[in-house]
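S.K.: Here is what each chain is made of, one letter per residue.
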Amino acid sequence: MSKRKNTKLINRLTCAALALPGLMHEASAARVEETYDVDVQYGHYEESGQRIKVNTFESAFTIPIGNAMTSMFNFVHDAVSGASPIYNSRDAQGKVTQVMSGASIKEERNMIDANIAYFLDQSTLKAGGGYSTEHDYKSKYLNASWSQDFNKKHTTLNLSGSVAFDDIEPTNFNSDCGNKCTKTTEQVLAGVTQVLNKDALLQTNLTFSNSSGYLSDPYKRVIFYDANNVLTTIASDKRPRDRRQWAGLVRYVQHVEDANRAALHADYRFTTDNWGINSHTVDLSWHQPLGEGWEIVPRIRYYTQGKADFYEPTFTGTPTNTPNYSSDYRLAGFGVVSGGLKLTKTLSSSKPLQYLKLNAGIEYFDHKSRYELGGNDSGSFADFKYYLFTASVNLKF
Amino acid sequence: MQTFKVSLFIGLIISTVACSEVPARQRGNLALPQMALTPDAQESALRQHTFLSKEAASGGYGGTGGGCGCN
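Chains A and B, in that order, give the protein sequences. Residue numbers are given in the numbering used here: position 342 of the first sequence equals residue 342, and the series is strictly consecutive. Residue numbers are given in the numbering used here: position 43 of the second sequence equals residue 440, and the series is strictly consecutive.
Hint data in this document are derived by calculation from the structure and do not stem from the laboratory. The structure presented is a predicted model; accordingly, all values stated were derived computationally and were not measured. Glycine is no exception: its CB is placed at the ideal position from the N, C-alpha and C atoms. Incorrect hints may have been included.
Stated by the list, open to error - Short, incomplete list of chain A residues facing chain B, as computed with Cβ under 8 Å: (1) Asp39; (2) Arg330; (3) Gly375.
The shape of chain B in the complex, shown without the other chains:
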């Protein structure tokens, strides 16, 4: 558990430094709709809500709305 937290913290730090500078005029590819972290938010929310109902794990992506999902 402790190892997991430490690894994640290190990951966070690395992710902020291990990259090259990209001027704004070169960021066109990053702005493409298929490059959005969540290209289809509604579909993503429905999938995460489904997984919450059928699997014990949750989190990471943020919340999935309310409700039981008991069945």
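Isolated chain A (complex conformation):
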């Protein structure tokens, strides 16, 4: 093998071995970009019934700076419409019904983020930041990461941290903080990426995130009934003002030579927090090359979470005697089963366009309370289904 090919191989290998998740975006995981990259993606998310639909457009530009640096700029536009659950009510027999907002929500989000990465022989430094704006929600964030190779590049240590400052300006007055609320989130990540053998990689990450400030949802309501099942109060969602969450993730990637060089990706994640929510996620995908640049990727995922300590579908008592309360379906116990399929076609050509990749995929999700690990008999009032369609183009010049 020529020296040039060897260098190229080592560069590509470094890319694989160092592929750490940056806190903001995983697009430019530790690698020296020697090309100008343009990545454009369209996504369509849609829930069953007349619920939320989101169209999202994203474009990312990666630009080399000299031989050891790259910069990346990313723009996202989301258009959201549809109905969203507001609260739950219950009838005289105790049957719970979810009450929706009506299909009145129309929202747009714009986000810009950028980062700069500096590559040394055995380490990579990255720093970035971003700004996301909606008419009632603004978020500013900064992040930095460091990855270091050792053990003859079999092992990479990844450390990163981020901080986000959010301003929430609810369009309805909220008793917690009026119409100007703030929250701050800090997150740190420590991880190790390990080459296990010539056909397998393992990554282990631990993240800790601390949020403080206004963590409630200003548009969710909670219904209180008295002992005779008579509605007494409609209150605003009220959550603790701090949240600390731990997440442990293990990712395993296995090359399968006999299956036309396919790759199995297996992820498992456990999270726990001081709101009493524990979750498990298993995400499996099989990346099957078909020849002539075609690849098909079937995927399955299972997610399950227990309910928050302060979640109930409806409450009995009064808000003044209840420190925190929420009926937000996302804090309930439930499970989500999903399956998806993605097709990609890669074309390589000569300059100026060196590489073109087309991707299209769809993933279908079934969210049900009874899918919660260990069972859940709270009923099906909050069950729904949704799908996510994505289509994207990746270009290298």
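Position chain B relative to chain A; hints supplied.
M.R.: Structure of chain B alone, referenced to chain A:
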């Protein structure tokens, strides 16, 4: 909780030692695009942002960008 942290720490240690040495010339399979930990970063970021909006859990993979994801 304590058990979880200890298990994870042990996992981190094990993952650094329970492997065989692979010379650079034998790492071709690891460099295949389908072997990247995140083969499609944009799709991965969109999926994680969607999950953040619909599920209480987050973390592990890194951040998912800003914004409310309230609906």
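S.K.: Among all the numbered hints in the text so far, which are the ones the structure does not match?
M.R.: 3
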